[in-house]
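Protein sequences, first through last, are from chains H and L. 31 is the number of the first residue of the first sequence in the working numbering; add one for each residue after it. 31 is the number of the first residue of the second sequence in the working numbering; add one for each residue after it.
A hint or two may mislead.
Any copy will do: because identical chains look the same in the list, a pair fits if it lies in one copy or spans two.
Said to hold, decoys possible - The calculated DSSO-like cross-link candidates involving lysine-lysine, where the alpha carbons are at most 30 Å apart (straight line), are:
no., residue 1, residue 2
1, 399, 417
2, 204, 361
3, 32, 107
4, 399, 107
Keep in mind that the hints were calculated from the coordinates and are not lab data. From a predicted model like this one, the values you see are computed outputs, not experimental measurements.
Here is how the chains run, residue by residue.
Protein chains: 2
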Amino acid sequence: MKIAILGGDGFVGWPTTLHLSDQGHEVHIVDNLSRRWIDTELGVQSLTPMDSIQERCRIWHEVTGRRLHFHLLDLAKEYERLKQWLAEHRPDAVIHFAEQRAAPYSMKTDRHKVYSVDNNVSATHNLLAALVETGIDAHLVHLGTMGVYGYSNVGATIPEGYLDVEVETTEGGKATQEILYPTRPGSIYHMTKSLDQILFQFYAQNDGLRITDLHQGIVWGTHTEQTRRHTQLINRFDYDGDYGTVLNRFLIQAAIGYPLTVHGTGGQTRAFIHIQDSVRCIELALGDPPSAGERVRIFNQMTETHRVRDLAELVARLAGAEVAYLPNPRKEAAENDLVVDNAQFLALGLRPTTLAEGLLEEVIDVARKFAHRIDRSRVPAVSGWTKELAQAVERDPEGKRLRSVS
Amino acid sequence: MKIAILGGDGFVGWPTTLHLSDQGHEVHIVDNLSRRWIDTELGVQSLTPMDSIQERCRIWHEVTGRRLHFHLLDLAKEYERLKQWLAEHRPDAVIHFAEQRAAPYSMKTDRHKVYSVDNNVSATHNLLAALVETGIDAHLVHLGTMGVYGYSNVGATIPEGYLDVEVETTEGGKATQEILYPTRPGSIYHMTKSLDQILFQFYAQNDGLRITDLHQGIVWGTHTEQTRRHTQLINRFDYDGDYGTVLNRFLIQAAIGYPLTVHGTGGQTRAFIHIQDSVRCIELALGDPPSAGERVRIFNQMTETHRVRDLAELVARLAGAEVAYLPNPRKEAAENDLVVDNAQFLALGLRPTTLAEGLLEEVIDVARKFAHRIDRSRVPAVSGWTKELAQAVERDPEGKRLRSVS
């Protein structure tokens, strides 16, 4: 199959590229390399030393004999070039990772809010319009997020994309209607993925585009089977307060003896998935495309849920680290339950890689190996959801209490 | 009150400007004049001769002694200037009409789709981000559309913005959750207004912005009390296939002896409101702002519903015109019922101006007066929702049958 991977230079994009190339697909990476520019803007770098995308592609060819094709293109800003590219290459499938993906970055300043909305909406919509215009019947697989649903405390099980609701009919009776499971995004970033849902629904309905939307949990881990094959194929690994995600941050903090940063009570429950399962899920979704005219297929791409403070204490015990309870820069419920339905991927054959001490230790080992590359001043999460929250974090950077867990 | 009217040069924006100025408010029009540029692009013009915005403001001052302030600014493209403008003027209320507002225009080509999405999303989001950044606690009143809900055939009464739904709890019980009434937009234009809803929900929740979203029906009529005061204050009046709206188009067609263009069976039921009520509703909404932290206030801004073919036959009888049943360029249900709740505006004191023969004749008179300005070749609606529908319209421009109604 000829597959275009938009955002193929990113944290999930790169291991997906290798995974699908390894299976014999012809893989084209389309990326504007914005993630590398954002590293430059923030003055941070991946914990793991990351070569240029051109060099990474060269190494993969050296190691496996397989070719990767890289195309520098800005989906959001170069509509005409995107259309030409699609018309020329006519991919069988398009995997769309090409969006700004960090909630704290999206909340940093008004400029970051505007960038995240403009970039993510235009990227997704340009792609949809160009697929219709070129008449390419590719299966579009999009990486969304569980976070579109917010984390309120109704304690409802999150189904896979849809909900049947009862409405009053004009004759005073009741009728059932299937709707997109209502979203309640808690950041600008999550909001853009909620906007994407509406775009997908429209283009599936009006133009018969075949779309799968993957609502992913928080990814942890760093290696996949393919990134292990050569040091220079290593995946990027973010530890900073904007792009680092919770469990990976704990593991890195443990490795460098930095107190594990829990924000608020740590009572937030979140969904998780290991990077290896993430690429496997994309493979499974690719293999099961909807037909034209079908509604958007939505999967919950996660394997387990955990409370943040439980993860902190688990990692602290494992590595002999301390836990710091810090003011929460996010506007969110202090505590929430979370139950997520992921029956579809299990039915397609996913065998979840769950949180095991061995895998956690592997990540700590990676972090220890590259600990000399860490700038400790970039570890705190400082992007406040409102000006008041940003100020509260600034006033109390060390947190209210520090607790030793052994 | 100091009021900023974004898009104050448009079809509803202009009479709203005059209405609120007439009540003694300090009114600032902020507009990029894109609607005039689109006239130029399409090679059409308002049926009524329309002076420049500067000249219109001058005339209003001459007639009433009141000043209008015009600011040329592109909301979607000039974020920094918008922020500066807000910081300098600090309005008490902002009325947001500044979006591309024609469904057929939004479906014309891929370029028009991309423009409509980029323009409308950026305009709305820039405004929200700038209000938060400048810390201006203005009441934001936005003009949305009933069309976000689509016109399916469940036959549900459309409530004012929200719906209580039952969800399964994690313990196997049931809980009730209030959600935004689910949208199902039928065009790119309508979709952008559905995206706006999500933006409003987020900014009301995260930043306590005070927002009222008006879900308006199809506006008909042309005069308001203020536009009648001087020939050069006359409102714009669109008759072309992209910007003309259904009832106004019938009235113009009747005036020039053009067969009334019904698309499909005419079984589509739509919600309507007279332009005079439209400006009155905005006044009522302005007077009843939500408080900070309150959910977005949503009103259905319409006064009656009608089936398209019934309107055509009514106008045909009134003016002795013919009705032409043409292929439908839109992808939509051939027939639908529509019942809409508008209790909130009635409770605030709206006394609906309903479809009366006198008012219909007034519009026909306006149309007859300016009939010499009409380019008959621009009357047909040719923007197809898909390539197949566009081709079907092209193959059969005269329609399947022409029926005389007397």
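Each hint, compared with the structure:
With identical chains, the CA atoms of residue 399 and residue 417 are never at most 30 Å apart, being 37 Å at best within one copy and 57 Å at best between copies. Taking the shortest Cα distances, residue 204 and residue 361 sit within 30 Å of each other only across copies (27 Å), while inside one copy they are farther apart (37 Å). Proximity of residue 32 to residue 107 under the C-alpha cut-off of 30 Å is restricted to the intra-copy arrangement: shortest distance 24 Å within a copy versus 37 Å between copies. Taking the closest pair of Cα atoms, residue 399 and residue 107 never come within 30 Å of each other, the shortest separation being 39 Å inside a single copy and 46 Å across copies.
Taken one by one, the earlier hints fail for this structure at numbers 1 and 4, listed in ascending order.
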